[in-house]
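Q: Here are the chains, one letter per residue:
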Amino acid sequence: MTTTTDLVSYEDALASYDPVMGLEVHVELGTKTKMFCGCSTELGADANAQTCPVCLGLPGALPVVNAIGVESAIKIGLALNCEIAEWCRFARKNYFYPDMPKNFQTSQYDEPIAFDGYLDVQLEDGETFRVEIERAHMEEDTGKSTHVGGATGRIHGASHSLLDYNRAGIPLIEIVTKPITGAGERAPEVARAYVRELRELIRALGVSEARMEMGQMRCDVNLSLRPHGREKFGTRSETKNVNSLRSVERAARFEIQRHAAVLNDGGTIIQETRHFHEDTGSTTSGRVKEEAEDYRYFPEPDLVPVAPSREWVEKLRAELPELPLVRRSRLREEWGISGTDMQAILNAGALDSIVATIDAGADAASARKWWMGELARAANESGTALDGLAITPAQVARVTELVNAGDLNDKLARQVIEGVLAGEGTPDEVVDKRGLKVVSDEGALTTAVEEAIAGNPAIADKIRGGKVAAVGALVGAVMKATRGQADAARVKELILQQLGVEG
Amino acid sequence: MSDHIIRLTAAETAAKIASGELTAVEVTEAHLARIEAVDEKVHAFLHVDREGALAQARAVDGKRERGEKLGPLAGVPLALKDIFTTEGIPTTVGSKILEGWIPPYDATLTKRLKAADVVILGKTNMDEFAMGSSTENSAYGPTGNPWDLTRIPGGSGGGSSAALASFQAPLAIGTDTGGSIRQPAAVTGTVGVKPTYGAVSRYGMVAFSSSLDQGGPCARTVLDAALLHEVIAGHDPMDSTSIDEPVPAVVEAARNGSVEGMRVGVVKQFRGEGYQAGVIQRFDESVELLKGLGAEIVELDCPSFDLALSAYYLIAPSECSSNLARFDGLRYGLRTGDDGSHSAEEVTSLTREAGFGDEVKRRIMLGTYALSSGYYDAYYGSAQKVRTLIKQDFDKAFEQVDVIVSPTTPTTAFAIGERADDPMAMYLADLCTIPTNLAGNAAMSLPCGLAPEDNLPVGLQIIAPVMKDDRLYKVGAAVEAAFVEKWGHPLLEEAPSL
Amino acid sequence: MPGITREEVAHLARLARLELKPEELDHFAGQLDDIIGAVARVSEVADQDVPPTSHPLPLTNVMRPDEVRPSLTPEQALSGAPAQEQQRFKVPQILGEE
Ligand SMILES: [Mg+2]
Ligand SMILES: [Zn+2]
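Protein chains in written order, with numbering that gives the first Met the number 0: chain F, 0 to 502; chain G, 0 to 497; chain E, 0 to 97.
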């Protein structure tokens, strides 16, 4: 099972072969209820507390389609520039698996609700690559098994397994690309950019939070190689459940190197399922099945066809939000930033937070500065995502407002943010509790300046003598006396004014 | 006294309870006593819910005493086919694989019966998963036909038909996938109706073949069947294939039986080889009777019907192979081989091997074959095309006629064991009933006499278009009245006493 | 149409998760062969240009609003379980893939 795999270098692999990829992404919809029953999809419930005769597959139970599940599928299809079927059906995909209560998955087969679309994705250097979409169809998730008695909670060596069906029946949309050709050495990057773009799109549509780390979005990477110049595709491997953007890229890269090694040795690639390992960045072969799967698809007789009216489809099309790629180029223009800057914002996952902060009243430059600076650092240190930090865009906007009003300087603002992140309250509460307001009382400042001059006569003389640069020492003294709560620029002005020197 | 009670019709029983002439408890006790007396011989019931039935009956009597409104069948006992889930009451579908399973929920039909104050006596025997035409495929042993206990009571709903014919209940529920309500009714001299597909909710009815299965009423009279029909039919949001339209006025139709001026079709494909002479004789007499009652008889040709049985034996097994996949020994029901040496996958295979009977295994494999890659188009795909042709034949027929009549089943009740080892011979019992299931329209079987050669009941089938279920009752009531007048009594009075 | 062999029955039994006994393989092979031979008549219409019918009635678009309905309690959900542990269905070791 874990035989070591010989690899050829990535460059050598690309020198001989042209990679062809197919990406299958499953997205768990954020509906309130499951696809075919009224059980809640809320996370964190007790085991098997969100199950009913339908999603447990009890004898006699029947499914009924969730209208929002269908609507979400259509929205995704439209956003992916797909055609929406005028008439389509659910089908049963028959195979036995303990996670799957009915021992068939209610899915769609040759009649998907959406088909023939594309998604433009942007690579790191700003170049655009078009990924063709084969289809997007509706189906349902499985339950969850826990393996007991093995060393690591894995299947191998387990004495038995425990099944929780809370997740069984949660709506999934499966989005399948056409074979992605022509990406060459950038294939792994295209894979990553595609999955990221798809994630942004799903979020923009509001149909799912698409959190990969929580399994709400899962990607299968199918990959094959063909010698340069050959039309026919090679045999593909199917690497299942690759669950982060970075892993998608790494899995594709690894498979390119592994396939090349096998092919260079004169071997043949077997069509098989493979598993990606985060720790090593490698894939291993899944259990080899004795017989080819035969899913015996047929139209689901317990459900009737879905025939979305053109009025409904057009209404949904009209209601589509601005799509991520369009929005990003608009924002880039509005903010006057480079493609690389935008890419950095995306990589940091800061775009939505920045926009929300601007919407809450901040100027674009400040919003970008805080989220990409102080807050990105804090997120990095605590190992959370930006939108997982204990500060809201509105609070960040409030901080910039205080800075712009001269109530805070940058140094104080950082302390305020630190306080908010530490759970000390809103920015205003932190300012109050920590006593962080800039000293703007001219009388108090003037006194502090006079005291600083009196206390440092030698420096004062230097400044009077024309060495204006020495003013820093006096500013420092005033800041120290005011415990940092003075506006340094104003302090400098006052000192120079007192000493009769032009700044 | 109690013999008098059990021979009342459901309509009479309900009237006597409503007027206070009888209490629901008296009626229920009379039927429980009858079950006690005869069911050891008949074996119509798999489970008798004595306490539950009496509690329901007491509740009805309480309502009446308090002057609360009672439903049209309040306090009338009913035998429920063991295919509908009943919360807290075992539901086995005649299979070992569900032995001892107590559902945590009621089928929609069960809920409707309870809401109508019908008293559920217990669960009736059936061919395992409703696969069969004799009730011999029950894992719990066969049921006898009250007319001759060595013969089959039909199937799959032989328990329900036998309960009616042996006066253990005036009402029963059946399900009809290929004839499982009508064929048992025919061979026991009772009335059974397969409503239009989608008229009665399938939620909580353990699925055999989803696109064919339909629950329906079983009774000893046409009016009783209509009263029960009205209780159980109607839209159910829990069943996506349920019809969201008003239920046809079946009770009104049953009270106003007439065929005056109606066009009645006779399909030439429903006779010939394999039909018992006495069955054809009684059928021809029925057609004459209809003529005498003012009906116009129209000869019909429905060539696709010759392919119906073949299409059925591809579609039903295909759907069943998938519907029965859930019985895997992991979440409910039987589990075999869980001794620490077998994996979950092996336990599933061992459980299914031990829990399913031969007919079920045969159909699962047949369906698995018909759906598998390489065979799908030739078998399942073609069967679906035949289905279209059958619908078209019915459509054409109903442009010319109001209803179609035929024998319900080609022969009278055969002997238990006679066809047990010959599946193809068994399948022929449903020759006349299957086209209706494939097309989704409504049909009824009612008694039309005894076959002279064996003195066993013959059924007349009446077929109506989709959602014209009321026509069955209008025609059925007229035919029933004419026969009762001709015989001087209902047919069942000729049945031997047990 | 090809006849059904013992090997094919074994394959079908594996797909359908039925641990058939050797004598059953022979028994069913004969019966399935008979039945399939008889029902294969449907392929007479295979070339005909008629649409397939999968539903008896032409209903479409039956959907429910996305509103939560009460679930079973875990006790009810597990009430029929042959074995349970930690409020979950307990099953033997699963050989499937990780
Ligand atoms: Mg899928
Ligand atoms: Zn549920």
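Keep in mind that the hints are not guaranteed to be accurate.
[Said to hold, decoys possible] SDA-like cross-link-like pairs, simulated, lysine to any residue; straight-line CA separation at most 25 Å:
hint, chain 1, residue 1, chain 2, residue 2
1, G, LYS110, E, ASP25
2, F, LYS92, E, MET62
3, G, LYS95, E, LEU58
4, F, LYS177, G, HIS488
5, F, LYS92, E, ASP25
6, E, LYS89, G, HIS341
7, G, LYS113, E, GLU18
8, F, LYS92, G, HIS488
9, G, LYS95, E, VAL61
10, F, LYS314, E, VAL61
11, F, LYS314, F, ASN80
12, F, LYS92, E, THR59
13, F, LYS92, E, LEU58
14, G, LYS15, G, SER372
[To be verified] Some but not every residue of chain F turned toward chain E, in silico, with C-beta under 10 Å:
hint, residue
15, LEU55
16, GLY68
17, HIS159
[Claimed, not checked] Pulled a few chain G residues facing chain F out of the computed Cβ check, cut under 7 Å:
hint, residue
18, VAL205
19, ARG325
20, GLN391
21, PHE482
No lab work stands behind these hints: they were computed from the structure.
Glycine included, C-beta positions come from ideal geometry on N, C-alpha and C.
Q: Hold the hint about LEU55/F up to the distance rule: shortest CB distance to chain E must be less than 10 Å.
A: Constraint on LEU55/F satisfied, holds at 6 Å.
Q: For the hint on GLY68/F, just tell me whether its beta-carbon gets within less than 10 Å of chain E.
A: 7 Å, holds
Q: Have a go at the HIS159/F hint: is there a Cβ in chain E nearer than 10 Å to its own Cβ?
A: Holds: closest Cβ of chain E sits about 6 Å from HIS159/F, inside 10 Å.
Q: Run the distance test for LYS92/F versus THR59/E: straight-line Cα separation, threshold 25 Å.
A: 21 Å, holds
Q: Between the alpha carbons of LYS92/F and MET62/E, is the straight-line distance 25 Å or under?
A: Distance ~21 Å between LYS92/F and MET62/E Cα, so the pair holds.
Q: Check the hint pairing LYS89/E with HIS341/G against an upper bound of 25 Å on the C-alpha distance.
A: 14 Å, holds
Q: LYS177/F and HIS488/G: Cα distance at most 25 Å?
A: 73 Å, violated
Q: Minimum Cβ distance from PHE482/G to chain F below 7 Å?
A: Since chain F brings no Cβ nearer than about 37 Å to PHE482/G, farther than 7 Å, the hint is violated.
Q: Is the straight-line distance between the alpha-carbon of LYS314/F and that of ASN80/F 25 Å or less?
A: 15 Å, holds
Q: Taking only the CA atoms, is the gap from LYS92/F to HIS488/G under or equal to 25 Å?
A: 55 Å, violated
Q: Can you confirm whether the C-alpha distance between LYS113/G and GLU18/E stays at or below 25 Å?
A: 41 Å, violated
Q: For a C-alpha distance cap of 25 Å, please report whether LYS92/F and LEU58/E respect it.
A: This hinted pair holds, its Cα atoms lying about 22 Å apart.
In summary, the numbered hints that this structure violates are 1, 3, 4, 5, 7, 8, 9, 14, 20, 21.
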